[in-house]
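Chemist: Numbering of the sequence shown is given in this note's numbering, commencing with residue 1 and proceeding in unit increments.
If a hint is listed, it holds; no wrong ones were tucked in.
Below, in silico cross-link-like pairs of lysine-lysine (DSSO-like), each with a Cα-Cα straight-line distance of 27 Å or less:
1) K110 to K126
2) K109 to K91
3) K126 to K109
4) K110 to K91
Hint data in this document are derived by calculation from the structure and do not stem from the laboratory.
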Amino acid sequence: LINQWSPNCLPTNWTVDSVNEACNTPFQGVTCNDLWQLSSIALVAPENTLCISVPPPSSLFNATYLNTLSISGYAFDGTIPSSFSTTNIAKISLTNQFLVDPIPPINKKKLTTLDLSHNSFTIPPKLEELNNSSLTSLNLAFNQFTGDLSFLPQNQLSSLNISVNHFSGDLSSFSFNSTSGNLIDVSFNQLTGSIPSQFV
Numbered sequence: 001l002i003n004q005w006s007p008n009c010l011p012t013n014w015t016v017d018s019v020n021e022a023c024n025t026p027f028q029g030v031t032c033n034d035l036w037q038l039s040s041i042a043l044v045a046p047e048n049t050l051c052i053s054v055p056p057p058s059s060l061f062n063a064t065y066l067n068t069l070s071i072s073g074y075a076f077d078g079t080i081p082s083s084f085s086t087t088n089i090a091k092i093s094l095t096n097q098f099l100v101d102p103i104p105p106i107n108k109k110k111l112t113t114l115d116l117s118h119n120s121f122t123i124p125p126k127l128e129e130l131n132n133s134s135l136t137s138l139n140l141a142f143n144q145f146t147g148d149l150s151f152l153p154q155n156q157l158s159s160l161n162i163s164v165n166h167f168s169g170d171l172s173s174f175s176f177n178s179t180s181g182n183l184i185d186v187s188f189n190q191l192t193g194s195i196p197s198q199f200v
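Based on the sequences and whatever the hints tell you, model everything.
Modeler: See below:
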């Protein structure tokens, strides 16, 4: 299946086991560790590529040694599988897809980066279990999220992009990581209040 991935679309019956073949066959966008175990997937669909939509496979989030998962524009559709809740992947980016609600609860402290931008979600992810965790970067831009910001973990995000959604409520009531170099984009929502001083 590996040879069917690039430069075309993902095959409709692909699995993580088939991707593991890349450790024996050089493949752009897939990285293996020194023990020939799959450690990173970073795939971006070529421009003007028309793909048949496929749901994200459950096995994708169960890959034992996978640290980084970044797939953009390969026409995943439907919902994220429940295995997302217990994944050990530290950096997850599923952008420019056709993914819809619900987003499974996330309860793994190892997660540092989550990017679900440019999809069709309306219900914010449940991140309450990630308070005091390793999550520092969150991008939910260009969806259709509604509601307030109470779902966000407090005092730890150094990068947050929730632009172009329908969030509402008081922005000043939320506490961000106060270290320097923070990035925040809350534009094109219905938020009120002032931006915290560390971002001004």
